[in-house]
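Visitor: Let chain A serve as the given structure and place chains B and C on it in line with the hints.
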Amino acid sequence: MFRRLPDAAPCAIGFFIDGKPASARAGDTVAAALLAAGITACRTSAVSAAPRAPYCTMGVCFECLVTIDGVGNRQACMLRVADGMRVETQRGRRVVSS
Amino acid sequence: MSGAIPLKELYDLAVIGAGPAGLAAATLAAELGIDTVLFDEQPEPGGQIYRAITTTPLTDRAMLGADYWYGTHLVDALRRTSVQYLAGATVWSISRDLEIGISLGGAARLTRARRVILATGALERPFPIEGWTLPGVMTAGAAQTLLKASGIVAEVPVVLAGSGPLLWLVAAQYLRAGAAIAAILDTTPAHALTSALPRLPPFLLSRYFGKGMSLLREVRGGVKVARGVTALRADGGDTLSAVTYRVSGGPELSMPAKLLLLHQGVVPNVNLANAIGCEHRWDERQLCFRPVVDAWGQSQVEGVAITGDGAGISGALGAEHQGRLAALDAALHLGRIDRERRDRDGTRHRHALGRAERGRAFLDRYFQPAKAFRVPSAQTIVCRCEEVTAQQIRDAVALGCMGPNQMKSFLRCGMGPCQGRLCGLTVSELIADARGVSPAEIGYYRLRPPVKPITLAELAALPKSEAAIQTVARR
Amino acid sequence: MAGARVDFDVAIVGGGLVGTSVAWGLARAGRKVAVLDEGDIAYRASRGNFALVWVQSKGQGMPEYAAWTKRSSDAWQGFAAELQESTKVDVAFERPGGLVLALSDDELGARVDALKRLHNQPNMVRYPYEILGRGAVEKLVPEIGPEVVGASYCPLDGQCNSLRLLRALHTGMRQLGVQYLPNRGVDAIEFRGSEFHLRGRGGELRAEKIVLAAGIGNARLGPMVGLAAPVRPQRGQIVVTERVQKFLCYPILTIRQTDEGSVLMGDSAEEAGFDDSVGLGVVSTIASRAVRMVPLLARLNVVRTWAALRVMTADGFPIYDHSQSCPGAFLVTCHSGVTLAANHALAIAPMVAAGRLAAETHVFSAGRFGVPQTA
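Residue numbers (our numbering), protein chains in the order written: chain A, 1210 to 1307; chain B, 1472 to 1946; chain C, 528 to 902.
Only chain A is shown next, with the shape it has when bound in the complex (with noise of 0.2 Å):
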């Protein structure tokens, strides 16, 4: 749905979207990279199972709420890439395990 302009740098950063291997501009938010990666959907939602994705892209909606290295809930919109990142999509209320 969405592609990257041709002056804008080009895409050094390796990341993992569900584990698999993916590739980001330095400064992207993890949002923008997910987007840009064809991600439509990262998530379905705690109350009804519902696909979500990012709405807002400033921090304000909570919509684009994905598990960044084992960590879950977090606001892609907010964070940046960084290499290796295993980014993954989820799937209703956060899972927390010992």
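Please note: incorrect hints may appear among the correct ones.
Within a straight-line C-alpha distance of at most 25 Å, the following computed SDA-like cross-link-like pairs (lysine to any residue) qualify [as the list claims (entries may be wrong)]:
1. C:Lys773 with A:Ile1277
2. C:Lys773 with A:Asp1227
3. C:Lys585 with B:Ile1940
4. C:Lys615 with B:Ala1905
5. A:Lys1229 with B:Asp1709
6. B:Lys1695 with A:Arg1212
7. C:Lys773 with A:Thr1298
8. C:Lys615 with B:Gly1871
9. C:Lys597 with C:Arg644
No wet-lab data here; the hints were simulated from the structure.
Guide: Then chains B and C, alone, in the frame of chain A:
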């Protein structure tokens, strides 16, 4: 833990938000010799309007336009001062005695200031339509941020829907970026011009007129525009597949779509001011709640000033002048300047503010969002976090639920992580509509810290007084 | 509604858990009832509770309270079922038993002693409880932290969704014909010609009997009808997390997971007057103690904090009173409106309908404070 970042125990002035108002306020305060800290949750300065101004990957300056690049002056000016600017610092609490809770590098820290200036800006007005929670529906501002900050743009034809200058600006920027716009569905009410007519003369003389006309010309060229849209719906199963709408109450029209961008103006981001206990009042012209402040931004909570779009929408240029006024006032209260100096220096900022605000009264009235898009139909989800519909809210009013705080207890609307940022106005207006009174009588959610989530670990690690420990431990 | 005078069998002042439980019970018994409530911003202890239906450790100093509590707890399942059947609102009541965790041997020792003292009281109702060692606690809550040495467990303890309970009571009482009148704060009550006249916002209302269930407001209203309600506000603060997959199956006195998945943590008891703002030191202490008990809570996001004002008597026990000078005026106050909701609906309400409080409630009269009923 981020013990590495030095945070003083006490500052003269804490400014919250590094958008135009915050940047200008912090800069002026520092220039007056005030020990100032500037907190902003984003990793770089600029707020939303000048988002990514120091890091944007876009090299063609014409794409975003001169109004955007103007913001570099504000950042450069800040950088020349000794303001301690802490990026990535989320302010989650400010107490009445100005103890400030921030979260920085995953650790919660406390600090204090003698004066605080809130410059937390605005957010897009909620635009509740059926299907607005579907993947494929975003705000126009979100699309603009993705373009500015990451250089990404839609590769499918986009439907833009709503009302207001930003809608046209994003349309223009998208066209410059080579994106395809399937249609612009303009929800500006049919009577808009008539009701805004009395304010037309200053608008015609303002910068907004010329810029607006030029944007319209740029966009209208090849883009299908439907005006007088009175109903809107996003259709789809798991993602958006079509947008359905009516023009002037006519028959339903539908078009396939994968991306719908919604926008119907911006409203003050009131959460922090509300949680501090600042009084807010309903503004019938801007159709939102605004904090009650004096001409310098001072609220009735001693030491707390609110400035920029967070105090009421006046746009980026207005915001920076308001920020300077708030800084002057803080300087007075801190004993740096006397009243005469404050008033004298303030005069030129006030004049600049007046010039920046010229024409806004027209814009406010002309782009007043239609009621149908503020008080939505029955099946529309109002609270996205808790998935509460308009009908459920109306039913609760019928049960005797009088206001948003009772409504919160009844239906959980407003209890999600967004803390009402996307539902608060809709809930207040819905209850007002159901009860046949003004939202002024209904009020708004009563908020408390943390205004942004922090982890329990962060909360647990804060310093505690012996008294606090005793009230819990004795159980 | 201005100036309207309407006849009711019973007017209840206060639309919280206490008022609506009694209202529902009265309407269920066929009475014509009005509930007068305040507006959107009011103290509303019912909005800030922990939603425990709790028996363990209650009644030190008044064993009758333990019996009264157990009676309500035993009746709760039926109460919840009846509400669900008529209103379709599921208040998510469950009674898996509850725990009070000890973070040191001293704490556990103190707990053991306290429970022994409690259960050794003459006339104390008998019910089972156990002192569990760490191993046994771990079987119930595998996530407990290393500092937990043991706990007291009582199979009668449980929890519900108290906001849904309030909604169920509102829905149920409306179904039964109760007139719910919000934004009708009461300024004055007069007993005249064997009737009660309640005056306030929205005009005057007439009723044969009244029940004062206005929480903190009872202190002001009681004396108008010859009743004393020596209650004071006691602040309690609660920390709430985001929704999480169910992991905590047993309510702990200060930590529970709601049916919706949020984890609630308490609790504090502060004499803060009418200040219901949140204090960081206290919520931080609550957080810190909770994390010591269940370490995995540490990584959860706090999305909300509450402070609410409990309606507290000097000894912490309820007040149930019937006015001598103004027969037909009843007063009901407690700080355990959730636990006692079943009793209020199924025991107190019938007593009010019959015109007298039964003998087992006489111990709860405000007379115990040495405060005489006023003329």
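Visitor: Indicate, hint by hint, whether the structure satisfies it.
Guide: Hint check:
A C-alpha spacing of about 21 Å is found between Lys773 of chain C and Ile1277 of chain A, which places the hinted pair at or below 25 Å, so the restraint holds. Restraint check: the Cα-Cα separation between Lys773 of chain C and Asp1227 of chain A comes to about 23 Å, which is no more than 25 Å; the hinted pair holds. Of the pairs offered as hints, the one joining Lys585 of chain C and Ile1940 of chain B holds, with about 23 Å between alpha carbons and a cut-off of 25 Å not exceeded. At roughly 24 Å between alpha-carbon atoms, Lys615 of chain C and Ala1905 of chain B fall within 25 Å of each other, so this suggested pair holds.
With a C-alpha separation of about 22 Å, the suggested pair Lys1229 of chain A and Asp1709 of chain B falls inside the 25 Å cut-off, and the hint holds. For the suggested pair Lys1695 of chain B and Arg1212 of chain A, the alpha carbons sit about 23 Å apart, so the restraint of at most 25 Å is met. Restraint check for Lys773 of chain C and Thr1298 of chain A: the C-alpha separation of about 19 Å stays at or below 25 Å, so the hint holds. A threshold of 25 Å between alpha carbons decides the hint, and for Lys615 of chain C with Gly1871 of chain B the separation of about 18 Å falls inside it, so the pair holds.
Annotation: proposed proximity of Lys597 of chain C to Arg644 of chain C holds, straight-line Cα distance about 18 Å (limit 25 Å).
In terms of the numbered hints stated before, the structure departs from none.
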